[in-house]
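Asker: For this one, chain A is given, so just place chain B on it according to the hints.
Keeping their order, the protein sequence lines are chains A and B.
Okay, so the first sequence: first residue is 1 according to my numbering, each after it adds one.
Okay, so the second sequence: first residue is 1 according to my numbering, each after it adds one.
Calculated directly from the structure, the hints in this document are not laboratory data.
Even for Gly, the Cβ is constructed at its ideal location relative to N, Cα and C.
Check before you lean on any hint, since a few could be wrong.
[To be verified] Ranges of calculated distance between the beta carbons of each label pair, as one might list FRET restraints:
#	chain 1	residue 1	chain 2	residue 2	range
1	B	Arg37	A	Ile202	43 to 49 Å
2	A	Lys299	B	Asn212	37 to 43 Å
3	A	Asn167	B	Asp46	57 to 63 Å
4	A	Val127	B	Gly195	42 to 48 Å
5	B	Asp51	A	Asn128	46 to 52 Å
6	B	Ile275	A	Asn167	29 to 35 Å
7	A	Leu83	B	Glu179	31 to 37 Å
8	A	Gly62	B	Asn110	47 to 53 Å
9	A	Arg237	B	Asp25	37 to 43 Å
10	A	Glu180	B	Glu33	34 to 40 Å
[What the hints assert, rightly or not] Selected chain B positions facing chain A (Cβ under 10 Å, derived; list incomplete):
#	residue
11	Ile202
12	Arg208
13	Phe211
14	Ala232
There are 2 protein chains.
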Amino acid sequence: MGGDFAPDKILEGAILAQKELPDSDRIVLIGPEEVIREKLTQMGSDVSLFDIVHASEVIGMGEQPTKAFTQKPNSSITKGFKLLKKGLIDSFASAGNTGAMLVGSIYSVNVVQGIIRPATTSVLPKVNGGVGVLIDVGTNPDSKPDVLYQFGLLGSIYAQHVYGIENPKVGLLSIGEEEEKGNLLCQSAFRLMKGTPDYNFIGNIESRDLFNDKADVIVCDGFTGNIVLKQAEAMYRLIKKKGISDPFFDRMNYENYGGTPILGINSTVVIGHGISNGTAIKNMLKLSKEVHEAGVSEKIAQAISQYTHSKIFNEKSTDTPQDQ
Amino acid sequence: MGGDFAPDKILEGAILAQKELPDSDRIVLIGPEEVIREKLTQMGSDVSLFDIVHASEVIGMGEQPTKAFTQKPNSSITKGFKLLKKGLIDSFASAGNTGAMLVGSIYSVNVVQGIIRPATTSVLPKVNGGVGVLIDVGTNPDSKPDVLYQFGLLGSIYAQHVYGIENPKVGLLSIGEEEEKGNLLCQSAFRLMKGTPDYNFIGNIESRDLFNDKADVIVCDGFTGNIVLKQAEAMYRLIKKKGISDPFFDRMNYENYGGTPILGINSTVVIGHGISNGTAIKNMLKLSKEVHEAGVSEKIAQAISQYTHSKIFNEKSTDTPQDQ
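So here's chain A without its partners, still in its complex pose:
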């Protein structure tokens, strides 16, 4: 029931995904059973191809996430997290209330031990092919330097295991290339990242480098990442509106990427765009499978247990310098 065009576009996407996924994969639809059965039949689909878990309630887009999550045990989001926690499903994806998806991720399947804050991520296409991983894209509008440090690790693991980028180049998004450029947050994060053995930190990058090969992982606070992402989306829409068709700009279409996984939690959760159409939902489902099969959560847990964070933090100051 998530997203602006539920349940029609959600089911359309599920039907598309079911056709493309191997028979060993099973899509579990969580929502009002009668509606799902009726719609699937209307769409000419075989209901038996799906598992259906009845959920009588819906968490609306405007509802307060924590309250809704706890007070609506029969909502599709709450039920999804119950199934995920029990291991009855391998991944959970929804285009519904983002906040409720986060609350479920943090309080139901829990944050990986050692991770300060889970992060959401999205990808930006590169002019020469491939993608860059942008982390965080909105979950942490106010991030501390040590949180940005961890984003480098999360993004690095994600880029490597889901997009097959070996030894991903991790850049810190700032407003100048030199170490002393940027806001106080960036300056502090740079000092933590500099020379880290945990990932391949290449220094600051500027937003003019978002679409080139300079960095594979672009680290920023969630406020900045969300601004970048929505500006790229706006530009893509303007280009389409002008009737311009170009392979690179077409790759900016969010539908192709399916959604933003939440990294740093003990399971696989993908949040879809509220305006998702059938293609976007299909790709959201396929992405959730890829993230699960790549073992991203497990790899993050393993990396965080071994990484040198504590060592670095003892040697360098973790404090943000005093603001003027």
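Answerer: Quick look at chain B alone, frame taken from chain A:
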């Protein structure tokens, strides 16, 4: 001598501007006199059309601004500010060291009384014509809520008197439209701006609205503004590289806007892009004339002496809420 292509492109721009400006306007070239004379002659221009003020030193792009400004009294930037302070020139524009231009603005011509921090601004084209004023674009990477509040006023006066936008709609750039969305800085700034009689505050806008009619003035900290601006520039360059020509995207060309004025100081100063070519320099000179003739500094001084800032600040908290 400022910018990556000085002195050739600077002089090329000056020649272009001189042709377009009325005879009553006089362009003063500040730099090594011999070089200027020689180059102008080479370019087939009449040296007598310009005033030349000899400056034997240059502040390099990588130099520490304050140090360079004080230790190089014969640099073109230092000399320019001396002329500006004495009223021998009406406006000063340079594509040189941005930091040194700021230092000169703050310590030579001084900040308008009541202004907490001067700001740099740039314009973004709107799909339906016209422009939006983005403020700040890099001068204040870490801004406090009361500084953002003033940016609303500075941007509003600039949009009205230079771009002729009556009662400009001032939006706060955030990552959601609701008051409680965004980072702590935005949330605090929103509370200060809400209901202000000083300008027409319309609430939060998102980066997807940068190019539409939602807001005429877009307020943000300098870190965010710089990220937005350079991303827009990157997108423009990609579009050009693809050979796409479109009236809207062509209006994203920084050359057309000439530079970013520093608002909130007691004179007119415009900073040009380091990569400025002749057209950009021409437009930088024309913009500096427009900003001067619109009396932007005086109008800001007048507005700040009357505005309700202090009243609002007594009623509402000025503190950023504690970070988590």
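Asker: For every hint, state whether the structure bears it out.
Answerer: Taking the hints in turn, this is what the structure says about them:
1. The given range of 43 to 49 Å is respected by B/Arg37 and A/Ile202, whose C-beta atoms sit roughly 46 Å from each other.
2. Judged by the Cβ atoms, the range 37 to 43 Å given for A/Lys299 and B/Asn212 holds: they are separated by roughly 41 Å.
3. Hint check: A/Asn167 to B/Asp46, Cβ distance near 60 Å, so the stated range 57 to 63 Å holds.
4. Range check, A/Val127 to B/Gly195: about 45 Å between beta-carbon atoms, so the 42 to 48 Å window is met.
5. Taken as a hint, the range 46 to 52 Å holds for the pair B/Asp51 and A/Asn128, whose Cβ atoms sit roughly 49 Å apart.
6. Between B/Ile275 and A/Asn167 the C-beta distance comes to about 32 Å, which sits within the given range of 29 to 35 Å.
7. A/Leu83 and B/Glu179 have their C-beta atoms about 35 Å apart, which keeps the hinted 31 to 37 Å range intact.
8. Restraint check, A/Gly62 to B/Asn110: a C-beta distance of roughly 48 Å satisfies the suggested window 47 to 53 Å.
9. Checked against the hint of 37 to 43 Å, the pair A/Arg237 and B/Asp25 passes, with Cβ atoms roughly 42 Å apart.
10. In this structure the hint that A/Glu180 and B/Glu33 lie 34 to 40 Å apart at CB holds, the actual value being about 35 Å.
11. Among the interface hints, the one on B/Ile202 is violated; its C-beta lies about 18 Å from the nearest C-beta in chain A, farther than the 10 Å criterion.
12. Look at B/Arg208: its Cβ gets to within about 4 Å of chain A, closer than 10 Å, so that hint holds up.
13. Satisfaction of the interface hint for B/Phe211 is found here, the shortest Cβ-Cβ separation to chain A being roughly 6 Å, below the 10 Å cut-off.
14. The interface hint given for B/Ala232 holds, since its Cβ lies 7 Å from the closest Cβ of chain A, which is under the 10 Å cut-off.
Of the numbered hints given earlier, the model fails hint 11 alone.
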